[in-house]
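Student: Residues per chain are reported as follows:
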Amino acid sequence: MKPLVSLLIAGMMAAGLAAAEDASLHPPIRLLDAAGTNVLESGRPVSPMRTCAGCHDTAYIESHSFHAALGHDERTAAGFVEGGRPWDYSPGPFGRWDPLDYRYLTPPGDERLDLGLADWVSLFGARHVGGGPARLGHAGRPLDRPSLSASGDLNPDAVVLEPPTGQPRVWDWRASGAVEMNCFLCHTSRPDNKARIEELASGRFDWSATATLAATGVARRAESGWQYDRGQFSERGTVDAQLLGLADPEPENCGLCHSQVHAGHEPMQLDLSLASRATATTGRVFSGERMSDSAVNLAGKQNMGRPWDVHAERLVGCTDCHFSMNNPAFSTSSTAPGGKMDFDPRRSSLGEYLMRPSHQLAKGTTAQGATARHLGGTMRRCNDCHRAESSHAWLPYQAAHFAALSCEACHIPHAAAPAVESIDWTVPSPQGEPRVTWRGIEGDAGDRRALVTGFRPVLLPRLGADGRLRLVPCNLITAAYWIESGPAPRPVRLPDLEKAVAGGAADRRAVRAALVAQGYVNPLVRTEVQPHEMHHGVVGGRWATRSCDACHSAGSVLNQPMTLAAALPARTAPEWAQTGALVPAGEWSVVDGRPAYRPSTHAAGFHVLGHDGQRWIDALGIAILAGVLLAVAIHGGLRVRQALVRGGSAPAKGRTVEGPGR
Amino acid sequence: MRAAAIPIAVVSLLIAGVVFAFTLRGLGPVDNPWAKVPPPISPTDHRHLIQGPFSDGPSVTRACLECHPDAASQLMKTSHWSWAGQKVKLPGREEVIAVGKKNLINNFCIATGPNIAACSACHAGYGWFNEDFDFTKEENVDCLICHEQSGVYEKGLGGQPAKGVDLLAVARSVGPTTRRNCGACHFKGGGGDAVKHGDLDGSMYHPSQRIDVHMGRADFRCSDCHQTREHRIPGCAMSVCIDRPSRVNCTDCHSETPHVDQRLNEHTATVACQTCHIPRMAIDAPTKMAWDWSTAGQDLPEDPHTYLKAKGSFTYAQDVRPEYDWYDGRAYRYLTGDKIDDPSQVVPINLPIGGPGDADAKIWPFKVHRGKQVYDKKYKHLLTPRTWGEGGFWNEFDWDKACRLGETPEAPYSGEYGFVETVMYWPLSHMVQPKEKALQCNECHGPQGVMDFKALGFDGDPMFRGDRRVTGLLRTQQGGEK
Amino acid sequence: MSGRRRRIYSTYERTWHWIQMIAVVVLLATGFHIHAPVRLPLADLAAMVWFHNVFGFILIGNALLGLFYFVTTGAIRQYVPERKGLAAAVAAQVRYYTRGIFRGHTHPTRKTPERRLNPLQQLTYLALLNLLLPLQIASGLLMWGAARWPHAAGAVGGLPLLGAVHTLGSYLFLSFLIAHLYLITTGRTPLTHLEGMATGYENFEEPEGPPPAADLRR
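Residue numbers (the working numbering), protein chains in the order written: chain A, 9 to 670; chain B, 5 to 486; chain C, 5 to 222.
Because the hints were derived from the structure by calculation, they are not lab data.
As the structure is a computational prediction, the values presented were derived from the model and not from experiment.
We put the beta carbon where it would ideally sit given N, CA and C, even for glycine.
Hints are not guaranteed to be accurate.
[Claimed, not checked] Derived contacts from chain B toward chain A, CB cut-off under 7 Å, selection only:
| hint | residue |
| --- | --- |
| 1 | E440 |
| 2 | C445 |
| 3 | N446 |
| 4 | G450 |
| 5 | Q452 |
Could you put the whole structure together from the sequences, leaning on the hints where they help?
Tutor: Shown next as structure tokens:
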């Protein structure tokens, strides 16, 4: 008995010790303000760039991060972005207009001010980690330095639109401060994103990083600004790294801006909003929870024993595939040297990496992630981990299938969560809200009791790095909005639209008239269709499409149409937008009275056995067949008639005299 | 016509060859668990075979034995009769002993000894009121408790049929054992439905597949797995079985490596099937998780799930995760009279044996029942108080008297009693879930995982530490270390 | 009915013919289902493909065995038309089918065990067995082999082209089958030819003129 009990106790103690071992290796840190003084002394906002600079090269990090730049470093003149709209001036959110956000960040030199930089930070800073344009503006100069001239012109760095009057107002950057790149947002385990967004929205930009630490108890909101809790600091003025939860980014960190991420034992609820962007655009939910265990009112839920994402279930996190480009522990075939070599063993040391970790994360090549194009295709792809050839031994015509299909085409057969179907800005509500419809939900997107049916993605051809077209699953979002036509088209400003609606305009004709009255030259409705590629929400083999008939039949899923909206605003065909590497081949059509897009594998050059038969072959074949049948029928008919006529007189026709042939 | 034989043979060969070549791929070993499931027994209608009248239980048994002369002698060799197991050599002990309900202590109602007349209501016999019970008398065997199908049979004190039971009607209803027969005792262990086991309760009389895949989806009865020969019913829980007797194993029907995913199959060397396929216990009915006898006897507000004056305080839990530990099929067992070294420490009543280095041990799910019960402060051993009946604690709320009445030569009572914390492990094997509900990777591994790998003897989460190869815990399927 | 009952088809020839017929019918049925699948309870695409593959190889094997037989026994000569007077013989045959048959004229070619096929038939079979069948076998094999040797199929235009060729070939095969079935009925009685292929024996007119051997040479 004794040894067993002591073993038990020893085990318990070991568990206790183990918990202590789990502590981060990160040393305690001193929270510094922008001047480099401990915030305990100064009471000023925490400057992550100064705080972390003691050990990490924060300037390097900021300049090597497309999450900070958001296309700031890839700007062109408006209209010169590859595949962009006439008013886009960068491939990233800083300069690429998106109808889901609507507001247009006015580039310097534009006559009509829509969104000044400070407003952009307040509105869109919620999905920006800070730094880059939020610190430097269009001009590339620190915004909170006095050098910025407070002139009355329409410099978008300096002015914002005053909501009630619609008049430009100079923004006091020295009072608001700029937004530094916020290390805490991604590198702490309990970032208080709500508090951060609140600071940004209320124009207290400099406090946003401090607010991110609210959940740790280090700082509390005070009457003006924030107050530090001395009790959370050591006597030497440092804060324990464990208290802050300093760590590598977890999926939950990424989920703050990208999509719904769920971990933990509580059943998940869906939070559908445009802010959870990838969930809104593709129905992405990154969670290892079984769908049947979630709190979502899913149709057919009892049979949905699969997790929302098989990689989440198997504990593959975001950074496992989207890793830092100079992380010495990671490499993929795509970063390999090529030529005769498979692997380059020469790496920077861990120490070097920790000092200057590139924050350029390996990425794919989707149309939505168009920023940092030079990094396109660096991420870990399916075949970097999976040996598809051996796991698909059962699949006939493996090479043909692999040449025509992305892995996702079969392994994302269904998006379980709803996604946006259309967004219509042509007649906004009096509050300036667009009309948004979602697909995959029966009822209101905000209603948790609504039945979630999910949707089947539409499969579009996409040009891969190897030059081959492969089908990938997509969601199509149709956006309709007013643009001012002319040599430099721009989307109509939201305040002007709101004014038009407030003036009583209730339909497009009236809105148009009101816009013309406001001085817009020939405002037009533009309808664009954005294909949003789906690469997450992957299912394992058991749940993937594997029935031959699914594709090889008249009703092939490869050619299933996807509805676009309840109705399209204009009679003109919609235009593709942000297609990236996608090469849609199909037609705009109508399904059940609703506008839809019908992809065509035939038009895309695929030959799907059982679906894409060559029509002319069938026509020719049937013609030959019909000819033979006709000939047989006529010939036979004549013979029968002949036999009947001669029936009485000729008992045996074989006995007749020799015919002319002899 | 003989000339025709050659071409026909050649052509047949051709056809056979082509068909064979194309079917070859589909052939392979087939894992068919159904092959091991016994065909249903067609019961014999006993309505006209049994005449009666019956004055008491033994008279029914005599009637049974007329046609089934070996039945009683077969049953009398089993623990359903003896309440004592086979003699075994226990690890860490010199002597060879037989343990069973008769002589063991638990941390529920503590001990059968002084309370046997009440406990024997679940004994497959008639008249076990005290130590004078004749274990050799065949007519004392109770056939009805396991075979009657009328649903009106009840047993009372000493295992005698309850008053008012129409024994003739009951006897005429007999047939093969059903879930209800087994459940009458086994679902109610610990004094009420679902109290004791965590994986056996009344929800399994007519379970949906949500409760148990075998009994729900496949409509198994208990004896489909506990396949009985000559009244020997295999299967035994760790509370009374401390070595590896004839157990019922998943692998009796299923393959050792039944998964499509090779990584899952690698788990089966160290992880019991039950661990993943019983992700939660007490699905529909709350089970008792802790029982503190020390608060009993007070006039506190009573609630059967939190406090009873007779029994003390409890906590119940429903649909909960089990706890996990290594288990090689053997267990350490506290025996009546064993010394308690340190009453400030938790006393394990039983403990699964095994660790990460043991080739036979696997990680198992357990219901862990934590108790606080009476012990002798002077002699330092657990006491076996009389709870039921005259002078019993449930009637008089007097621990001193109860302990005195309950004392045995093995565990004498000095007059000084106290309360000591105890713990008891109940391995789970029922309420099995199909793959759609089994534990997934992230439920054990990762930051949210339920498995405390360090406590189990790993360096850390094996998924991230490399694998079991790194920690030296990788095993082959046969259980040998690599 | 008078005439001499003579053996016209050997046991092997008949076995070969009927197996070929079964294979062709199954291949046509499964092939058209693969080409334009309809959802029927038993018509699972994978099963259809399996049957198509199996019967395809049976057909190939049977064709090779048949070729071996016809070459080694010399029966292949039945299929070789006589160059001399071919045009006239074909013309006579066409005339017979378009006119003579309705007037009760005798078949221009007298069918004998030594000369079973008329010139038109010989030409048809020549095309069928030398062009259409090899084309179907080749395209079918390449499509089947594309699963394992995609380059081979790719070298000749890939599955889209092979599929088209194979489909067209199957339409032609079906057309042949229909014409063949119909022309069977143009024997001395509608069932004469069928009986011949079933039993191996047919009734032949006693030749009044030259002996059969001379007939063959004409």
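Student: Next, verify each hint and record whether it holds.
Tutor: Hint-by-hint comparison with the structure:
1. Residue-level restraint check for E440/B holds (minimum Cβ-Cβ distance to chain A is 3 Å; threshold 7 Å).
2. At its closest, the beta carbon of C445/B sits 5 Å from a beta carbon of chain A; the interface hint therefore holds under the 7 Å criterion.
3. A hinted interface residue such as N446/B counts as satisfied when its beta carbon comes closer than 7 Å to some beta carbon of chain A; here the least separation is about 4 Å, so the hint holds.
4. At about 4 Å, the closest approach between the beta carbon of G450/B and any beta carbon in chain A falls short of 7 Å, and the interface hint on this residue holds.
5. Of the supplied interface hints, the one on Q452/B holds, with its beta-carbon coming within about 5 Å of a beta-carbon of chain A, less than 7 Å.
The structure agrees with every numbered hint stated previously.
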